[in-house]
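Undergrad: Order-wise, the sequence lines are chains A and B. Its first residue numbered 1, the first sequence is counted upward by one per residue in my numbering. Its first residue numbered 1001, the second sequence is counted upward by one per residue in my numbering.
The hints are simulated quantities; they were obtained by calculation from the structure and are not laboratory data. Honestly, I wouldn't trust all of these hints.
What the hints assert, rightly or not - Some chain A residues judged to face chain B by a derived CB distance under 8 Å, without partners named:
1. 15
2. 19
3. 23
4. 26
5. 29
6. 31
7. 32
8. 63
9. 114
10. 120
11. 127
12. 132
13. 139
14. 147
15. 152
16. 299
Quantities reported herein were computed from a predicted structural model and do not represent experimental measurements. Glycine residues also receive a C-beta, built at the ideal position from the N, C-alpha and C atoms.
Protein chains: 2
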Amino acid sequence: MKELALWQEVQADLQQVEAELLRQVDAPDPVLSQAARHLVQAGGKRLRPAFAILAARCCGAPLERILPLAVALEMIHMATLVHDDVIDASPIRRGRPTVWARWGQELSLHTGDYLFARSLILVATYDDPRIPSVLASVSVKMVQGEIQQMAAAFDLDITLRDYLDRIYRKTALLIAASCELGAIAAGADTATIRHLRYYGRNLGLAFQITDDVLDMVADPEQLGKPIGGDLRQGVITLPAIYALQASPKKQKLIYLLGKRDKTQAEIQEAIQLIKDCGGIKYALDIAEGYLERARKQASYLPPGVARDTLTSLTYYIRTRGF
Amino acid sequence: MKELALWQEVQADLQQVEAELLRQVDAPDPVLSQAARHLVQAGGKRLRPAFAILAARCCGAPLERILPLAVALEMIHMATLVHDDVIDASPIRRGRPTVWARWGQELSLHTGDYLFARSLILVATYDDPRIPSVLASVSVKMVQGEIQQMAAAFDLDITLRDYLDRIYRKTALLIAASCELGAIAAGADTATIRHLRYYGRNLGLAFQITDDVLDMVADPEQLGKPIGGDLRQGVITLPAIYALQASPKKQKLIYLLGKRDKTQAEIQEAIQLIKDCGGIKYALDIAEGYLERARKQASYLPPGVARDTLTSLTYYIRTRGF
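Using the sequences and the hints, build the whole thing.
TA: Quick look at the structure:
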């Protein structure tokens, strides 16, 4: 899988997204500008803009049509990250100090609110009422997902269904909306909009499952933060849910996962138990099922380079190391 | 000044706002619902919905047309309050424990994000693109105002102009937008929209100046929190700006206002110095100037009960005790 070749299709567009992002987060206040620029420059895969652009391209729309929306989607994503870092008191994200670590709680809170509000200015430039409407309802559900995660912390009775519902709200919804809104902004027909939404939903679920797996098995350097962060915070993800049923050392695992203030050695031990009983493989198999469904939805789209890239992305998600 | 008689004009409408607010903040998650309901039931003057309704009534629109917008405006206001309480670590607002005090930082942050996002769903029901556009730009400027206030904490060199700019963003903008959007939703002509926006801006400035005065002179029981909160947090408001120039005990005042972790006695002493040199009277005179301008703008509106109520509200602002 050549990652660069894959992204090349949208590379030039994403460079424009990057320039526009920097322009949009600029503020009259120097500290706010700095914090927002720091967030942009911390990087990220820009998945949401990439999906919106590819979806719009599938439907024959030029970049100008989709650029404000693509930038708005990334700003909404960044707004959730900066608030998450306050809540998790995260010192590091993507290998760099967070806004919270560098500028503190008050500015982090304002920066999140600011980015979200700024994104709405961009969204308001479209005259299709479905665009603000979808984004508003996605934003509401994303917050509900965060609260579900908060309420379920250290709850070892969480079911597969609870988990899928949570990651759907937390991640898949905004990726689905990126695909859907890209198509809407491009003036696509209802069937194409629906296929792109389902593509995004399935891919988003697979993406979050893979993310949750990587939190247990990635190279910390590539991940940009220590591994086992979810276990530390009591967030029970798919490999753990499986292992809580399947592990021969179930009691030990229950003890370790339920314990607050785990040591790094305890986290390592829990991850080992999860690996030993096949929890990682199980989660990746589930992710693969969603990727297959995403591929099927892609096959219904108008043929072309954009569709091929959307299909290729389903392979990239499976093999990414970070 | 009979307060009840004045509000009677919009009382029935505000009861519908109240019912709709409770309906709108309802969430599938019980804790989120509780926190949001707690916020609604903590009360408040519902000034923003009242202004939107009166503006729409001036232009002959029925309540149904304006209700979603009126509720959205109050939700945006509530979202800023709940985030402010996190930042200020406020245990009490309007005489009741804050969401922050009762449910903690994480839920407060989510509740603010949730209310803001929910308000956008209501706003998206209007097909006039000016409505989301005005609200997005007002929200951006409100955050900038918060950051200005943060940056200016304990800055005794703040000018009258800085102060007015800050309270414009912090308070007057959303009140101006309430009036303006009420008119827009009612399909008013450009001149009427402009008069209502200017009415709201002037009234909003006077309202915040009065609020800042009350923070020094109100009955703590009526205020619902201890007095001197601004001075404690280093927020230098109009009476203090004046006193820093005019007080014969300027050095003592500089010492007291610049001091962090003031005692209650020091706060009382600072307030006394501000009162002694006429700081309160000065601020109220400035407020009165804005109220006169608001009244002038109201005089250009279509005559009727709604216009009379808007005019009467300018007298109420001046005389309110809380």
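Undergrad: If a hint holds in the structure, say so; if it doesn't, say that too.
TA: Verification of the hints:
1. Taken as an interface hint, residue 15/A does not check out: its beta carbon lies about 25 Å from the nearest beta carbon of chain B, beyond 8 Å.
2. Here the hint on residue 19/A is broken, as its CB sits about 20 Å from the closest CB of chain B, past 8 Å.
3. Of the supplied interface hints, the one on residue 23/A is violated, with its beta-carbon coming no nearer than about 14 Å to a beta-carbon of chain B, more than 8 Å.
4. Below 8 Å, beta-carbon pairs count as interface contacts, and residue 26/A has none with chain B, the closest being about 12 Å; its hint is therefore violated.
5. With a least beta-carbon distance of about 5 Å to chain B, the hint placing residue 29/A at the interface is held under the 8 Å criterion.
6. Nearest Cβ of chain B to the Cβ of residue 31/A: about 7 Å, under the 8 Å cut. The hint holds.
7. With a least beta-carbon distance of about 5 Å to chain B, the hint placing residue 32/A at the interface is held under the 8 Å criterion.
8. Interface hint status for residue 63/A: violated, as the beta-carbon distance to the closest one in chain B is roughly 22 Å, over 8 Å.
9. About 4 Å separates the beta-carbon of residue 114/A from the nearest beta-carbon of chain B, less than 8 Å, and the hint is met.
10. The criterion of a C-beta within 8 Å of any C-beta in chain B is met by residue 120/A, whose closest approach is roughly 4 Å, and the hint holds.
11. The interface hint given for residue 127/A holds, since its Cβ lies 6 Å from the closest Cβ of chain B, which is under the 8 Å cut-off.
12. With a cut of 8 Å, the hint placing residue 132/A at the interface with chain B holds, because the nearest CB-to-CB distance is about 5 Å.
13. For residue 139/A, the interface hint holds, the least distance from its beta-carbon to any beta-carbon of chain B being 4 Å, beneath 8 Å.
14. The interface hint given for residue 147/A is met, as the beta carbon of that residue sits about 5 Å from the closest beta carbon of chain B, less than 8 Å.
15. Restraint check, residue 152/A versus chain B: the minimum CB separation of about 11 Å is more than 8 Å; hint violated.
16. A hinted interface residue such as residue 299/A counts as satisfied when its beta carbon comes closer than 8 Å to some beta carbon of chain B; here the least separation is about 33 Å, so the hint is violated.
Violated hints, in rising order: 1, 2, 3, 4, 8, 15, 16; the structure is consistent with all others.
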